[in-house]
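*Asks:* Which chain is which? The protein sequence lines are A and B, in order. Sequence positions in the first sequence follow my numbering and run 1 to 160. Sequence positions in the second sequence follow my numbering and run 1001 to 1826.
For the record, the hints were derived by calculation from the structure and aren't laboratory data. Note that beta-carbon positions come from the ideal geometry of N, C-alpha and C, so glycine has one too. A few of these clues could be false.
Claimed, not checked - Chain B stretches covered by chain A per the calculated footprint, using a threshold of three residues with CB under 8 Å from any CB of chain A:
{"hint": "1", "region": "1290 to 1297"}
{"hint": "2", "region": "1397 to 1403"}
To be verified - Below, computed lysine-lysine pairings styled on DSBU-like, alpha-carbon distance capped at 30 Å:
{"hint": "3", "chain 1": "B", "residue 1": "1164", "chain 2": "A", "residue 2": "144"}
{"hint": "4", "chain 1": "B", "residue 1": "1164", "chain 2": "B", "residue 2": "1014"}
{"hint": "5", "chain 1": "B", "residue 1": "1436", "chain 2": "A", "residue 2": "144"}
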Amino acid sequence: MTRINVTVDGVSNADDVEPRMLLVHYLREVVGKVGTVVGCDTSNCGACTVHLDGRSVKSCNVLAVQADGHEVTTIEGLATNGELHPMQTAFHENHALQCGYCTPGMIMQAVDLLRENPDPTEEEIRVGLEGNLCRCTGYHNIVKAVAAAAGSMSSERSNA
Amino acid sequence: MTAVDDRPTTEVGKDRRRKEDQRLITGRTRWTDNIQLPGMLHLAMVRSPFAHAKILSIGTDEAKAAPGVHAVFTGADLADSQGVNINAWPITPDQVTPTHLPVPSERVAHTGEIVAVVVARSAALARDAAELVDVDYEELPAVLDLKEAMKDEVLAHPDAGTNKSAFWQLDSKAAGTGGDVEEAIAKARQDGIVIEREYRQQRLVPAFMEPRSTVVDPTGEQVVIWSATQVPHILRFAIAATMGIPESKVRVIAPDVGGGFGGKLQTTPEEFATIAIARKLGKPCKYTETRSETMVSAHHGRDQWQKMTLAAEKDGTVTALKVDLLADLGAYVAIVGGGVPVLGAWMFNSIYKFPAYQFNCQTVLTNKTWVDAYRGAGRPEATYAIERIMDELAAEVGVDPIAIREKNWITHDEFPFTTVAGMTYDSGNYEAATAKALELFGYDELRAEQKRRRESGDTVQLGLGVSTFTEMCGLAPSRVLGSLSYGAGGWESASIRMLATGTVEVVSGATPHGQGHETAWSQIVADRLGIPFENVEVLHGDTQIAPKGLDTYGSRSLVVGGEALVRAADKVIEKAKPIAAHLLEASVDDLEFEAGQFTVKGTDKGIGITDIALATFAAHNLPDGVEPSIDADATFDPVDFSFPHGTHLCAMEVDTETGQSTMRKYVCVDDIGTIINPLIVEGQIHGGLVQGIAQALWEGAEYDEQGTLVSGSFVDYTLPTAADTINYVSEHTVSPSTTNTLGTKGVGEAGTIASTPAVVNAIVDALRPMGIDDIQMPCTPERVWKAIRTAGAQQDKAPTADAQAHFGEGAPNQDPAAGTTDGAAQ
Ligand code: FES
Ligand code: FES
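Chain A extracted, bound-state conformation:
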């Protein structure tokens, strides 16, 4: 067992974990953040995507011990002060989810995509989401949602 200190969605945690434990299992089983889900065992689906110090990672591809001393944001911590993140709103408005299983990972990835590239082309959005699989939506509305979020976030910035 290894002692780790991880801040998850603003709450600091100190836990003893097995060195082999994956971050996604730490989040789900130890911290109780079941909003983040597991869709595969080969790091292909992206359903488990969270932010580690503000950058998106597939949490099934990171060990819990690697998050020691770092900050994790999950889908459950994305909305602040009861306000949805513009990406969450855009997914809702553009019907970018059906079963919703890929959604936590998709939203976290999309937020990071816009952080790196606030004004992406359709092609850049598509490539930026390549590591996240969705079986329901055919991606059409997801791409639309990300473009819409980029628009609303940039107008927020210029109004600020």
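Using the hints, position chain B with the ligands against chain A.
*Replies:* Below, chain B with the ligands alone, put in the same frame as chain A:
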């Protein structure tokens, strides 16, 4: 009595944002794997690495001694308690249906079958200990190829004596629905056109995103089962019927379910094993599969060889269609596994007026993962083959693929139309959908561009693919199902509870897993009862809350379950009427109901239905003999199937040097009758399209000679990503259905059914001048490139023979120039 009603009068047709989303976008979800119960134990499965083997012995001592392990169970340990996986649709009385035990004790018939189950304190400990279970197998010869299996040389189940499960035929002459197919083909061989083709429907993996998971709590009076299933009601029935638990003691809950696409309409070995073990131990148990386990143990879809013989007159007027199907069931006949290919019987003739028709279907057992419904289930297979061969007919006659369809389709003034397969299509307008699609697509301009590129010898050729499909869905009229020996009915149920404080609870027996029922059902009920959309709460997916239902598959929820809703709402209004009359001191005959208000004709007196709900709750002042309830239930059994249709057009660019094909444009115009929520409909179409496109271009479950699924993970099974796909143009024409009140038709599977042939037709169209008339799916760059190479070599050798070849004994695609690639080992 009530204020002026300023509510919107029409919810139906509005692009309401979904009620379901709030939880799903914030991570407040209730997936089965999220459930933690006090004292819960975790299961891990030990699975067979062999396709076919005798189990000689299972050593469990080491696993039992491992840390945190509570128990290890083998098939022998569970023999008296594990129930059996049912087949609900024996397609013939003498169907060969091998017993499918959740955990077999003597023999495994496919890779991935469960041979032992480890129970431990955590999932990780259970998995560690599963590695320590020592199983001694004696490998048996496995039969993996569908055509090989037909020879009965190697048997998937030696005791059965054959691999042939059942043979099912529909013949238009025998059924009295059309002429003699052999006669018509013989005649066409003399003075018409006969086209013979054999198409391959590769095996697919449904690949819902949420791996399956089951939690069982046996500690109360009832056994409570949470499962990632499309069919909680059917699962409860199967548990009661096979495990010796009274149905009233079984509660099944499908909480949030992460997609299904048919893949979760199964009652599974994993569910049965978890229930049996939880009951034995008296402890809550959870089993959640890994993705690799899903791939090999959850049922697959498609997997057919399709021999098509189409007869026509010289001008392209079709005269007969004969279909010979070979369908792989895998190792066991799944819940509706045998029936899925049979659903094609009414669909191969599609929208065309064939005077004679015959459908023959042979189902076959092999030592591969079982096969059952995957989005479309039987209809995509049929649509693919007929839409492919109609293109071949167009090429033979030398006309545009659109023209050959126009010549043969049912015209809008011929509805209702009874087909050669005996189905009556209630409504449709193929001309209108096609005209709209052609315009949106810019068909003529693209044809002109194709011509230019052909003439200039462009290395990137353009191909246009057409698919004018129809399908039958809304499963289904119970009487029809009964005549097909299906083990259940096709009704659906709904209840409406009018709460005292003005809100309404709607209970539906349809069980969604991404379809947005909560939103669409709210719209329907809001309109019908004249209450605000926000005041409707939709409950489903728990046999204790929604005790009656037949669940969600076959695009049935709206056309069957939606109609049950309408009827329940109408009953509520009828029950409220005498109370309204009493309170308004008027005669029932003088009342009108509109927008949630009962009014007395010719006066300004009125009362709202929610006020009546409150008055009924108080029950202080009701007319004599009236029960204090305006709640109502309805169970609707459809009179017919639903027949959506549409025209899909696809433009593909094919690089003749690399074999790479790229989608340039996709336009679809679907006629699904009345649309309740256009936003949800678009979502269903988009998702459906991509699944169908993925069959054409990327997906395929491949086995090696040992019977190991080599595409057994998301590394090897190539699901499309956002980067592989494009935006789609999706529009509608509206021919309301005449078989339900709202005029709706199913939409859940339409995109998948239509898109596969549109894509392959486009690729073949691009390459046809090279002498290519088929590419086996998935049309990977390698296959396309090989087809181009082979065709080039053929053309260099000798010009394509003018005479039409025919199916010889056992010969596949008869066309010597066909660019068909190998694939027998699939
Ligand atoms: S669970 Fe699939 S990538 Fe992490
Ligand atoms: S919404 Fe179901 S997988 Fe994306």
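*Asks:* Which of the numbered hints above does this structure break?
*Replies:* When the structure is compared with the hints, numbers 2, 3 and 4 turn out to be violated.
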